[in-house]
Amino acid sequence: MADLLKKVPVREQDPKVRAANFEEVCYGYNEEEAMKEAQRCINCKNAKCIAGCPVAIDIPGFVSKVKEGNFEESFHIISESSALPAICGRVCPQESQCEGKCIRGIKGEPVSVGKLERFVADWARGKGLKPPAPAASNGRKVAVIGAGPAGLTCAGDLAKLGYDVTIFEALHEPGGVLVYGIPEFRLPKEEVVSAEIENVKSLGVKIETNVIIGKSITIDELIEEEGFEAVFIGSGAGLPMFMGIPGENANGVFSANEYLTRNNLMKAFLDDYDTPIARGKKVAVVGGGNVAMDAARTALRLGAEVHIVYRRSEAELPARVEEIHHAKEEGIIFDLLTNPVEILVNENDAVRGMRCVRMELGEPDASGRRRPVVIPGTEFELELDTVIMALGTSPNPLISSTTKGLDTNKWKCIIAEEETCKTSKEGVYAGGDAVTGAATVILAMGAGKAAAEGIHRYLSSK
Amino acid sequence: MYRIEKAELLANNIFLMVVNAPRVAKHCLPGQFIIVKIDEKGERVPLTICDYDREKGTITIVFQNVGTATEKFSHLKEGDFFKDFVGPLGQPSEFCKEDIEEVKKKKILYVAGGVGTAPVYPQVKWLHEHGISVDVIVGAKTKDLIILEKEMEAVAGNLYITTDDGSYGRSGMVTAVIEELIQNEGKKYDIAVAIGPMIMMKFVCLTTKKLNLPTVVSMNPIMVDGTGMCGACRLTVGGEVKFACVDGPEFDGHLINFDEAMKRQLLYKTEEGRSYLKFQEGDTHHGGCGICGGDE
Chain A
1 MADLLKKVPV
11 REQDPKVRAA
21 NFEEVCYGYN
31 EEEAMKEAQR
41 CINCKNAKCI
51 AGCPVAIDIP
61 GFVSKVKEGN
71 FEESFHIISE
81 SSALPAICGR
91 VCPQESQCEG
101 KCIRGIKGEP
111 VSVGKLERFV
121 ADWARGKGLK
131 PPAPAASNGR
141 KVAVIGAGPA
151 GLTCAGDLAK
161 LGYDVTIFEA
171 LHEPGGVLVY
181 GIPEFRLPKE
191 EVVSAEIENV
201 KSLGVKIETN
211 VIIGKSITID
221 ELIEEEGFEA
231 VFIGSGAGLP
241 MFMGIPGENA
251 NGVFSANEYL
261 TRNNLMKAFL
271 DDYDTPIARG
281 KKVAVVGGGN
291 VAMDAARTAL
301 RLGAEVHIVY
311 RRSEAELPAR
321 VEEIHHAKEE
331 GIIFDLLTNP
341 VEILVNENDA
351 VRGMRCVRME
361 LGEPDASGRR
371 RPVVIPGTEF
381 ELELDTVIMA
391 LGTSPNPLIS
401 STTKGLDTNK
411 WKCIIAEEET
421 CKTSKEGVYA
431 GGDAVTGAAT
441 VILAMGAGKA
451 AAEGIHRYLS
461 SK
Chain B
1001 MYRIEKAELL
1011 ANNIFLMVVN
1021 APRVAKHCLP
1031 GQFIIVKIDE
1041 KGERVPLTIC
1051 DYDREKGTIT
1061 IVFQNVGTAT
1071 EKFSHLKEGD
1081 FFKDFVGPLG
1091 QPSEFCKEDI
1101 EEVKKKKILY
1111 VAGGVGTAPV
1121 YPQVKWLHEH
1131 GISVDVIVGA
1141 KTKDLIILEK
1151 EMEAVAGNLY
1161 ITTDDGSYGR
1171 SGMVTAVIEE
1181 LIQNEGKKYD
1191 IAVAIGPMIM
1201 MKFVCLTTKK
1211 LNLPTVVSMN
1221 PIMVDGTGMC
1231 GACRLTVGGE
1241 VKFACVDGPE
1251 FDGHLINFDE
1261 AMKRQLLYKT
1271 EEGRSYLKFQ
1281 EGDTHHGGCG
1291 ICGGDE
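Line by line, the protein sequences are chains A and B.
Quick note: the first sequence uses our numbering, first residue 1, plus one each step.
Quick note: the second sequence uses our numbering, first residue 1001, plus one each step.
Some hints could be false.
To be verified - The calculated DSSO-like cross-link candidates involving lysine-lysine, where the alpha carbons are at most 27 Å apart (straight line), are:
#	chain 1	residue 1	chain 2	residue 2
1	B	1242	A	412
2	B	1202	B	1106
3	A	412	B	1097
4	A	282	B	1097
Simulated from the structure, these hints should not be mistaken for lab results.
With the hints as extra help, turn the sequences into a complete structure.
Shown next, in the form of structure tokens:
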């Protein structure tokens, strides 16, 4: 008899092999494995997992259909709440959301909701299933800024309600962080991301790339000249942060945004694409979040020895447990309780190393995490040729500085009501990283969903 | 897709193209730039705007064939398309935002080096259209590399052309002309604007600093997205880190750390050289030889 306390294990590419390629790490469940895992769901009456999901998917509903082998129906249940299930099944932090709330998790491992969602979405794509057709068009125009997770979700939901939606995307490809940020080995672009964007387009959503709102056209012009009745801003995180230590402008120091954009959006890892990327031999990634893990695992695949340099301890690493686990399996070296103080350069102003200090954890700070403090006299040098700063981002002022009456907070994030995503400017809604600062794909999708409802209520009463 | 309405060889290896991009043409101002990408696999290449026609919805770009991307561009003809063309990016020149009456009081000297003549042109033209006449120095290595002479003549006050080898106009570097004008010919200026290769802008700034002439430069560092997202274009300006794409591209030239900027510009030279050679010679040459000129 199967061990009901444990998840059905998921097959993965061997760590030694995958450390040298960009193919997907996780193979996902097959039909048999998925049905077996679905058996573990006890179909709670008061399902806590649904409340743990930012887009409130009927999780017991879709899982019970998997149990029966009715994958098509299962896909339709997911589609009612999410336009991007193959993406979410791969990149959501399930351990702190649906799976974190699962009753099974009290005594053993929670139901593998993420892997089941992924299975259903992949199965449906394989069968060519599309989300149900939208309501008849009501002819009312809504503009969505940014074709990332927030924008795609908002656009998809509004299109289902019959709105005429156009997404304006600054880059040359839609997808936002799904395309420039998250690497191929975690989220295949052609097979998964493009396919789910096509699903959103199949709802009637138009996507215009190469339009920078605030530069190519302003929000006021969208409303006054192009006839949009409402606007959703899902423009994403923004400008990369640096530490402000000496040597940071040396050649060989990159923001994680730049490094990942070159590799993922511009496909620098493929020989037949023109954009170059520095293939370091010894690389340090400074930071401990998911972006740091992505950058580290990318550098590893480009042939480097890679160190994660993080000033707190393993328990405080903000990255998902699964990402840390994968990174370790692949051979990433974790230099924890370590903080850089200077980037060392050679005579050509290129990186030759990094001076660091050892840290220890002191009293908890405002975030509740124990504050790292320097241990005096522990300076040492790491020999390196590349440093990647993965320290987060600060908001991009492009939109807020060009839109009259749009309020921002002291961190320059756009202020929006949580429930409706309404901003200080009439008809303008905002959500995702542009409002919260850098967060997750699924939180951005949750905001996109809330905004779609907010916009629908606003336009219905207008 | 963005149609090429006109493609012209301006000088040896320097090309002019007029591209249909109505959204950019409607909003752009002097000093701003665009990013262009030829096809799926091409690089995003930032280029300063040389001219624009709001009615026709077109943007004029000028580029020199210096690497894989521009080599590919150079083969495009009228009627061909760029896959991507985005902008306007960066901040417009300061005078676009100033009170025009204040601008009229200033004596402005433009200094253009080589292909830098292209981004200087729309500034001089804009000022001309607003009733302001400015002096322009255009410098190039040799006569054949002088571009947009007629166009510039039509909008500039005094136009001073100089070539390094003396084959046309005055003889010598633009810095020498600046000194001649101010020290020997009694010219007085309140501000200079210098646009060209970084090395030329650096030396112009050294000269104008000596002459106490405030100087604006337009920086062209490596960049990827052009919207502030990647930070590749960071520069040190007056001790602070600035992003050329969102804070610039124009800065106070006397505050720029040019040596750092020039070193940063060389970063991908090896990789770019490699990719250029692969494109030229197929798979037979893998670059990095250091003698083939791919690193130039």
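For this session: Would you check the hint for residue 282 (chain A) and residue 1097 (chain B), treating anything up to 27 Å between C-alpha atoms as holding?
Result: violated, 47 Å
Exercise. Given the hint that residue 1242 (chain B) pairs with residue 412 (chain A), does the C-alpha gap stay at or below 27 Å?
Worked result: Measuring from Cα to Cα gives roughly 17 Å; hence the hint holds.
Problem set entry | Restraint check for residue 412 (chain A) with residue 1097 (chain B), where alpha carbons must lie at most 27 Å apart | Status holds; Cα separation ~23 Å.
Exercise. Does the structure keep residue 1202 (chain B) and residue 1106 (chain B) at a Cα separation of 27 Å or less?
Worked result: This hinted pair holds, its Cα atoms lying about 23 Å apart.
The structure is inconsistent with hint 4 alone, although it conforms to all the rest.
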